Structure formats: C-alpha cells, structure tokens
Amino acid sequence: MKLQLKIWRQVDRNSAGKLESYQLDNVNHHMSFLEMLDTLNEQLITNKERPVEFDHDCREGICGQCGVMINGIAHGPLKNTTTCQLHMREFKDGETILIEPFHGAGFPVKKDLKVDRSAFDRIISSGGFVSVNTGQAPEANSLPVSHETAEQAFDSAACIGCGACVATCKNGSAALFTSAKITQLALLPQSEKERKTRVIDMVNQMDKEGFGHCSNTEACEVECPQGISVLNIARMNYEYNRANFFKHKK
Amino acid sequence: MNTLARKILMAATGLFLCFFLLIHFLGNTQLFLEPEHAQKGFNAYSKFLSNNFLIKGVSYLLYLSIIAHAIYGIIITNKNNKAKGSYKSDHRGRASKWYSRSMGVLGTLILIFLVIHFQNFWYQYKFGEVGLDPYGNKDLYGVVVASFQNSWLVVLYVISMIALAYHLIHGIQSGIRTLGLFHPKFVRWVNVFAVIYSIVICTGFALMPIYIYFTT
Amino acid sequence: MKLDAKIPKGPLEEKWSNYKKTARIVNPANRKKLNVIVVGTGLAGSSLAASLGELGYNIKSFCFQDSPRRAHSVAAQGGVNAAKNYKNDGDSVYRMFVDTLKGGDFRAREANVYRMAECSLNLIDQAVAQGVPFGREYGGYLNNRSFGGVQVSRTFYARGQTGQQLLLGAYQALMRQENKKTVTMYSSHEILDIVIVDNQAKGVIARNLETGKIEKHAADAVVLATGGFGKIYYLSTLAMGCNGSAIWRAHKKGAYFASPSWTQIHPTSLPQSGDYQSKLTLMSESLRNDGRIWVPLKENETREANNIPEEERDYYLERRYPAFGNLAPRDISSRAAKERIDAGFGVGPLKNAVYLDFSKSIKEQGKDKIAEKYGNLFTMYEKITGINAYKEPMKISPAAHFSMGGLWVDYELMTTIPGLFAIGEANFADHGANRLGANSLLQACVDGYFIAPYTIANYLAGELTKEKTTTDHPAFEQAASQAEQKLVSLLAIKGNKTVDYFHKKLGKLLYDNCGLARNKAGLEYAIEEIKHLSEEFYTDVCIPGDLNSMNSELEKAGRVADYLEIAILMCYDALTREESCGAHFREEYQTPDGEAQRNDELYQFISAWEFPGNTKEEPILNKEELSFEYLQPTIRSYK
Chain F
1 MKLQLKIWRQ VDRNSAGKLE SYQLDNVNHH MSFLEMLDTL NEQLITNKER PVEFDHDCRE
61 GICGQCGVMI NGIAHGPLKN TTTCQLHMRE FKDGETILIE PFHGAGFPVK KDLKVDRSAF
121 DRIISSGGFV SVNTGQAPEA NSLPVSHETA EQAFDSAACI GCGACVATCK NGSAALFTSA
181 KITQLALLPQ SEKERKTRVI DMVNQMDKEG FGHCSNTEAC EVECPQGISV LNIARMNYEY
241 NRANFFKHKK
Chain C
1 MNTLARKILM AATGLFLCFF LLIHFLGNTQ LFLEPEHAQK GFNAYSKFLS NNFLIKGVSY
61 LLYLSIIAHA IYGIIITNKN NKAKGSYKSD HRGRASKWYS RSMGVLGTLI LIFLVIHFQN
121 FWYQYKFGEV GLDPYGNKDL YGVVVASFQN SWLVVLYVIS MIALAYHLIH GIQSGIRTLG
181 LFHPKFVRWV NVFAVIYSIV ICTGFALMPI YIYFTT
Chain B
1 MKLDAKIPKG PLEEKWSNYK KTARIVNPAN RKKLNVIVVG TGLAGSSLAA SLGELGYNIK
61 SFCFQDSPRR AHSVAAQGGV NAAKNYKNDG DSVYRMFVDT LKGGDFRARE ANVYRMAECS
121 LNLIDQAVAQ GVPFGREYGG YLNNRSFGGV QVSRTFYARG QTGQQLLLGA YQALMRQENK
181 KTVTMYSSHE ILDIVIVDNQ AKGVIARNLE TGKIEKHAAD AVVLATGGFG KIYYLSTLAM
241 GCNGSAIWRA HKKGAYFASP SWTQIHPTSL PQSGDYQSKL TLMSESLRND GRIWVPLKEN
301 ETREANNIPE EERDYYLERR YPAFGNLAPR DISSRAAKER IDAGFGVGPL KNAVYLDFSK
361 SIKEQGKDKI AEKYGNLFTM YEKITGINAY KEPMKISPAA HFSMGGLWVD YELMTTIPGL
421 FAIGEANFAD HGANRLGANS LLQACVDGYF IAPYTIANYL AGELTKEKTT TDHPAFEQAA
481 SQAEQKLVSL LAIKGNKTVD YFHKKLGKLL YDNCGLARNK AGLEYAIEEI KHLSEEFYTD
541 VCIPGDLNSM NSELEKAGRV ADYLEIAILM CYDALTREES CGAHFREEYQ TPDGEAQRND
601 ELYQFISAWE FPGNTKEEPI LNKEELSFEY LQPTIRSYK
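Residue numbers (the UniProt record's numbering), protein chains in the order written: chain F, 1 to 250; chain C, 1 to 216; chain B, 1 to 639.
The set of hints was computed from the structure by calculation and includes no laboratory data.
Here the structure is a predicted model, which is why all the values come from computation and not from measurement.
We put the CB at the ideal spot given by N, CA and C, even for glycine.
Keep in mind that a hint or two might mislead.
Computed, partial: chain F to chain C, Cβ under 8 Å [claimed, not checked]: (1) G72; (2) I73; (3) A167; (4) G172; (5) G212; (6) A234; (7) R235.
Sample of chain B residues with no beta-carbon within 10 Å of chain F, all distances over it, derived [unchecked claim]: (8) N30; (9) R319; (10) F378; (11) E392; (12) A480; (13) A521; (14) L575.
In silico DSBU-like pairs for lysine-lysine, Cα to Cα no more than 30 Å straight-line [claimed, not checked]: (15) K208(F) - K213(B); (16) K92(F) - K383(B); (17) K373(B) - K87(B).
Turn these sequences into a full structure, and let the hints guide you.
Written out as structure tokens, the structure reads:
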C-alpha cells in the first residue's frame, strides 16, 4: 500500500518544529507502525536525508518507550494499544497519516518525535517507592495480602509509563500516571507507614513538573495501553484528602 | 495551592451549588400552583428567605461559592491551557464526552445566565420597584409572570438549563471523585444519580418559564 | 593466564556464608568516599545501584533508554524461581541447585549455582516488601506456578508481567536513592569504553545520546549490568536497543569472554512475516500446556491448516518425545522445529513456522476455559497477526532469546580486569549451556541485591587507601579520543547501505550457521563471510547526521560494528567446542536418534576467550575446568 506521511520534524529542544510530508510506496499491511517508520528511514538514509528520530525499544508493548500521536490520537486508532503493537492493516491504501510527538508543558520535545518524559522519573523519585533497604525485608508470607487486593494492586502497577495519558489529556495532566503508583502502594500493607507523606510529595512533584489539572474526562483510560482505570485518580484524591485531614502538626 | 487543592475547592463549591439548586428548585415548584395560591405562597416564601438571618448567612456563602467557582475555573483553565499539548491534527476527543471537555464553556454560559437571572429577579426584588400582593408581601410572583411573557427570555432560560444540565452531569460525577469517592460500585451509583438529578432539576427549571408563558 | 574462580572452601552449603564471614567490608564513614559506576538499569543494574546507594556509596547509574524503567528486564513474562517450598512439595535449595545444574547440561559452576538457589529465598521477601504484587492465593499467601524442566511449583509470578513488576520494584528503590542523592542517574547515555588505569577499571567513557557529547566518568569500581546480546541475530525477542557493546569493549580492554555462542533459542515466538520485520514477539511458553505442535506430513503443503486431515499431520514432538511431548525443554523443541522447517515442512507464507494447535483443547475443555487461561495471549496474537487463533492454529517459530554466555567472572562476579564486575545476563556464570525458565530474573536479582554488594565491598576495601584516580588521568583522555575517533571514522564512510542492512545480513548468517544447530563447515564459512561483511561495512555503510547531536543511526552503527566482531568470536567458540551441550548443538556430535551428545571427558570446561590485541588475529582460548563434587554429570533425557 501507499501512504502519505506528515511528520513533525524538530532539530532540537530549542528549535521550532514543523510538519513535513513524505511519500511511502512500499508499505506492507502486516508491518507494525514502527516498522513502517523504519522503512521510511531506510528510504531517507538512502536518499542522504536526515532520518526521523522516534522513541522505541522493546516493540512488544511493555517498555513504554514508544508513543506518538497518530492522526491526533495517542498511540493511534486502536484503543488500549501501544504504537509498536499497532499494525498497518488498520490504515487504508492512499491514506494520509499525520504523526506528531506526545508533548505538553511536562513533556518537552527533544528531537522530531522524541520526547523528554523524565518528569515521570522525578515523580516516582519524590515518593513512589517503599522505603525498605536491601536486607530489611521480613519473611514474604508474614504479611498476607488478599487475592483481590493483590490483583487490584497489580491493575494499578501495570502502568508502563508511556505518557499517553498526558498526551491525550486536554489539560496535559499526569494524574493517571501519578495516581496509579499511589493507589498500588496505598493498597498494600507493607507501605502503610509512608501512605500520607507519599501522596503529598508525589502530588507536589507532579505540579512542579508543570502538568495540568485532572478534570475527569476519562480519555486517559481509553488510550492507556494497560487500561489503567480513572478510579485510580479518585483513589489518589481520597489519599490526598485523608493525608491532609490527619496531618501531624510539625 | 496545588492542582489537587484547587480541584477540591472547585468540587466543594460546585457540589454546594448543586445542593442549593435542589432547595431553589423545591421552593420554585410553587410556580406551578394555581395563580392565586402560587402568588401567595411564592411571595411569602421570598419574604421568608430575605428576612431570615440564617438564610442570609447561607446566601453570602452562596455568592462566595459562585465567585470562587468561577475564579478558580478561570485559573484552572489557564494553567491547563499552558500544560496541554497542541496538535496540528487533534482527534483526542474521541475518547471522552464532549461536555466533559467543555465545562469551561458551559460554565461561562451559566455565568452569563446568572447575571441576567439576578438582574431579572434578585436585583428587582432588592432594589427595583415591586408592588405588594394582597397579603402585603412584595409581589415577586408578578415580576416572574411579567418577565416570562417575553418569549426570548423563555428561550434563553431553556437553553441555559440545557447547558446547566450537561454541566451538572459531569460536575457531580467529577466533583464526587475529586473529593475521593473511588469505590467502583458507589462511583457507578453516583454516575446514575448525577444524570437523574441533573435532568430532573434542569427540566423542572426549564418548564417553569414555559408553563408561565403558556398559561398566563 | 591461569583462571582462578576463587571458589571459597568448605562444603557446598557453607561456601557463601564462609565467603561473607571473611570478606572485607568498608566502614560506613568511608563509603561515601568511594564511587561506583553501574552500567545498565535492568534488574541487576538497578537493584545493585540501589543496594549500594543504601549502603552509602556514591553511585553513578547509566542507561541508554530515556528512563531506567525501560530496561529490557521489563519484558520478562513468566516468573521468578525461588526455593521457598510454600507448596510443601519437597522443594529445597538443594533441589533447585540440582534442577538448574542439570538444566544447564553440567556446564556451570556448582558453587555459583548453589549460591543462586540459596539467595532466591531472600529475593522473594525483598520484592514483596517493595510492593511487587505477586499472585496470591485466596488466603492471602503467595501463589506459585510450575515451569518447564522441574517437578515442583517454585515460580512466583505477577500475571504475565513478572519482569515488569520486579523491575519497577528495583527501579523505585533506585529512584529513592536518587532522591537521597546517593545515586546520580545518567539516562540516555551509552558507554563507549572502559578506562583502565594500572590494570584496574577506573571509569568509563560515555556518550550523552541527546547532545552527542562525549563524557568521562571516574570511579573506584565499574559494574557492567548490560544484559544479553541476542539482538546480534537481528531478529530476536530482545529490545531494539539491547547490545553487546559495553561488554565487548571491556573484552577488548582485557576482560575474558566466556561461552559467547551459547544463546538460548526460544521455541514459541511469532514467525517472521517479511524483510521489514524488526523483532520477533515472544508468546508465553505456557501455551504449550494446551497447544499441540505439528507440521503437515506432505512437503510444500498448500492447503490451509484446517483443511489438512488429522492423518496428514505430523505431531513431531509427541512422536519424538512421547514422555514430555509438547512440553519438551526449550532447546529440544526449538531444534525439533528447525529440523522440520529445514526439511521443507514449514508452514506460513515464508515456510518458516510450525502450527500450535488448540482445537483439541478447545474441543475437550471448551473455548471459555482456554480463553480464561490464555485470553490475553490470543488477543495479542490477533493484534499482531490479525488471525483469530480460536479458529485456526497459531503459527510459531523459534527466536533468539537469552545469552548464557557473557563476560567471564569469578565467584565474586569480577571479570579478569580487577575492579570491573559483570552481573546479570552480562556475565556467563549460573546457567551453564541452557537456562531454565524463570531463572533469568532470579539471577539478575540475586546478583544485584545480595551478591555483588558483598563482593564489591570486598574489592573496594582495598581501594580506600590508594590515591584517587580522576578524569584528569591521561588514560581518560586517551580512551575518550579513541572512542571519538571511532565514531568520526564511522561517520566519514558515507557509503550507500544502511546500518540495518548489515545487521540483518549478519543476523541471517549467524542464525543459519551459529544458531540452533552448528557444524564445522558452516561455522568456518560464517567466519569468512562475516569478515567480508565487516569489510563491506567499513567501506559502504551510510550514517547520516553528525557526532554532536542526537543520532540514532550512529548509535546503531557503533553497536553493529561490535556485533560484527562478537559474531566471529561466537563462531570460534562454537567451532572449538566439539560436543553438543544445552543450546549448543553440533550436528557432528549427536546420537543416532538425533539427540545432543555431550563429551565430558574433553569439554567439561568453560571457554574463556582472550582478546588477542587486534581483530585480525584469532582469539585465544583459555579453559576453566569444571569439577563436580556434589552432583555427577548425567545425560539429559526427555524421551
């Protein structure tokens, strides 16, 4: 199949970018979307042009490194699917595809389709962990966790950190990402001691990174490759209110 | 103040206003009575509201809520506009409901409506010249009936109530979750409640001008 | 050089505790004076960096991904083994040791394997404490599943994303240390060289992949936790960025490389569908519990799978291995698939796959039951191939997966360069010639959390009194300018072929001649061909862009340049090991019925390769003899 591509090209962080058009004639409909981009790059390199930089690594939907806006939709037309798992059979012959990087105040563009998502690392760093050193752990079965709780915690923990939630949010909010980690840890007994400080620290860090407010439009859940529920956000709100209500005087 | 705190303020003021709407609605159902009964009851009710000092306190809280809700709405929207990405091609809307994305626009419509609404009745009642009914109360009922002879005003009220309904459906669902209700079962109940509540109240309010327009 | 594995004295069960008793340690006040560089943030790298940070050392942690959380440990599906014996089914550290050593076809060190099994107990405790949501029973206690090659249930799992969950646990511990300023993260950085001063590893040269800037970093010890290099086959289950560059450059600086040719080929991956393909997606091995593997009896069959009658199907695994059938170990089922495909019975448009058929299970258990067990895998299969596997059989084929080989390390996980450690998949140590399922996550974790923190302290204790090496030392400047020169010369070639062209060609050569089955002629042919390919690469590769900005093609070119050299070493390794063991199958050395024939008399050793000083000369083979005091080598049989 043949495709018309319009791709965001930007030289570096400080430059302005723009859309450029490319023609691709030999696309196989079994190709993954990223393999289609590989093919384009092969063509560009052979023509001595600068290839398109894009984020990708595992190409099996778990590392969270890939992710672009495809025709204005995070990770493209399929719901709950990463860009690498999207295949060209979802597109029509002769179609024009517009490809832009995820971006927003919290996600500056580094080059072409590559985006700086280190804000997510800093959010985790501010409190998204259990303070247990290597060697301090008690016997694993000494703290039973019900099957349902473990499964719920897993549902929240499944986040791959791709940033589609931020990209698809009309407010550029990182609430889904942040709340998924807060919820996972709030559910588990082993991190009860840090429950209050964690939520406050993580919410403050999320704000510092310049992300917007969550207005519960629920779009993030639809585009999230792992289908993380928006109820995690409600849980974060609960944890936040609880932490403030029962705050210790300093 | 961080994003969550601002949203909590929005939710708290919004839900308080929702609750007020119910009271307002119940009081106003008197407009559907026979004209004589309606006039008597409605005017007496208005007088009670304006003279009771407890209600007065609540009404200041109400004004404050409206102002805070509007101001924080603007602050939040501003910050969101700075935070969001702008895309040359944007079909992000396929994943959410239009009204959940349009709370600012709907809110602005409601605010404009409120100004007109206050001017029509509240201002008239407080500062305008209003005649007395046979029982010696200010005849607000007469003002209402007179106003709704204007078909344009009726249309404006109906449209505003549609905007309000959508604003409320999302507002209640969102506000409750912002305050921290996360259990899937209760969230589902709240979602259903929000739809019923919004439709009942807004339809009721919209029917008032229509009823008066066609019956008098 | 005489290889000394430094195995501690004493009975098997006491070796590790004896080591810990006598190992030197560093006073807490002195720890912050010591710097350690950890390269890679997979399970091994991030768990080590976090653990050392907790102890108070100064850590610099490097990864090429944009965040440490994306390292490829994240993709492991199945689970992690631990001898907790929670199922009361007779499991023990010793039994796990036996299973692992046997599974590795007796080509691993007893002491290392035993230590891995021993440390597995603490690992589960640690992960649970970090908040890893392992599968639980309804009573709230941890659940286990069983995995190939063993008779007990010892595999802990978090649905099909165990690697992700364990990695996030380690990543969070790492981020916690970053917050405490004991760890400095260098994401989007690639290691170009290891700096050696007075025969000790004293730092690295790294390139910032975003700005293209070449940086020097000094330290008192360097740890490579860079994972496997299976991506050398181009088509593999690995991530696109996985590479062997750091360990290869360490090898060129003097670290021995052990058993490079031992690569595990996973039997159940999705087949290649065209030349454009970049990656082979793994389908969990668990599918073989209910799926039957077959190929048509007729060569060049053109009918659709569902139109081929039962009597014209060849269930070759059930035929050849009646006892284990479709559940035969990975190396055996991969090899059997290749045998059928090569004989012309492969299916699919490229004739490169075999069928994995669920029709019998669906008939017997019902579609719902199968959907409940494997629903997510069937969905994934349909997403990728567009085929509904409830209606027609899946097509699967073998794919390169795990590197058992890696840098040679002693019991302390130190390479032959003092101060340079290798942990996780980057070393060769614990799996022998074939890795058991769910042991890779285990090895990475125990190396990082429980072993290296002790052995590195033992080394660092001796460094305290020495004068600090800084990046002002001429060795840094020399290494940096050499690394830069290498990149500049690659950019200057300006030929006509893309980097991927060479990588794909290399991958095909290697897969055909040094993959599932090897023979002398093929390996010799491959060595010559790779040399030619390498010449072509250095004259005709085209790398656009420049050195001083983000340039993915340049990154790839550097990795492929190393792969071209590693590939030759792999072939020499396979060529000189004239026996079949585990994943290494030499066609000349098989039993009459086509099974692997090990030669314990002549080849009971680890091949540790030494770099001869330049790539023109043949690599130098050093042998570490293996002795088995506690378990006598036996023949693996799955018939």
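Against the structure, the hints come out as follows:
1. Against a cut-off of 8 Å between C-beta atoms, the interface hint on G72(F) holds, since the closest Cβ of chain C lies about 4 Å away.
2. Taken as an interface hint, I73(F) checks out: its beta carbon lies about 5 Å from the nearest beta carbon of chain C, inside 8 Å.
3. Satisfaction of the interface hint for A167(F) is found here, the shortest Cβ-Cβ separation to chain C being roughly 6 Å, below the 8 Å cut-off.
4. At a threshold of 8 Å, the smallest CB-CB gap from G172(F) to chain C is about 4 Å, leaving the interface hint in force.
5. With 8 Å as the threshold, the beta carbon of G212(F) comes within range of chain C, its nearest partner Cβ sitting at about 3 Å, so the hint holds.
6. For A234(F), the interface hint holds, the least distance from its beta-carbon to any beta-carbon of chain C being 4 Å, beneath 8 Å.
7. Among the interface hints, the one on R235(F) holds; its C-beta lies about 4 Å from the nearest C-beta in chain C, closer than the 8 Å criterion.
8. Against the 10 Å criterion, N30(B) stays outside the reach of chain F, whose nearest CB is about 19 Å from its own CB.
9. The beta carbon of R319(B) is kept farther than 10 Å from every beta carbon of chain F, the shortest such distance being approximately 32 Å.
10. Listed as a non-interface residue, F378(B) keeps its Cβ farther than 10 Å from every Cβ of chain F; the least gap is roughly 14 Å.
11. No Cβ of chain F comes within 10 Å of the Cβ of E392(B); the nearest lies about 16 Å off, and the non-interface call holds.
12. The beta carbon of A480(B) is kept farther than 10 Å from every beta carbon of chain F, the shortest such distance being approximately 23 Å.
13. Every beta carbon of chain F lies more than 10 Å from that of A521(B), the smallest distance being close to 33 Å; the non-interface claim holds.
14. Under the 10 Å C-beta cut-off, the non-interface status given to L575(B) relative to chain F holds; the minimum distance is some 32 Å.
15. In summary, the hint linking K208(F) to K213(B) is supported, as the alpha carbons are separated by about 28 Å, within the 30 Å threshold.
16. Among the hinted pairs, K92(F) with K383(B) is consistent with the structure: their alpha-carbon atoms are about 17 Å apart, no more than 30 Å.
17. Our distance criterion of 30 Å between C-alpha atoms is met by K373(B) and K87(B), whose separation comes to about 21 Å.
Violated hints: none; the structure is consistent with every hint.
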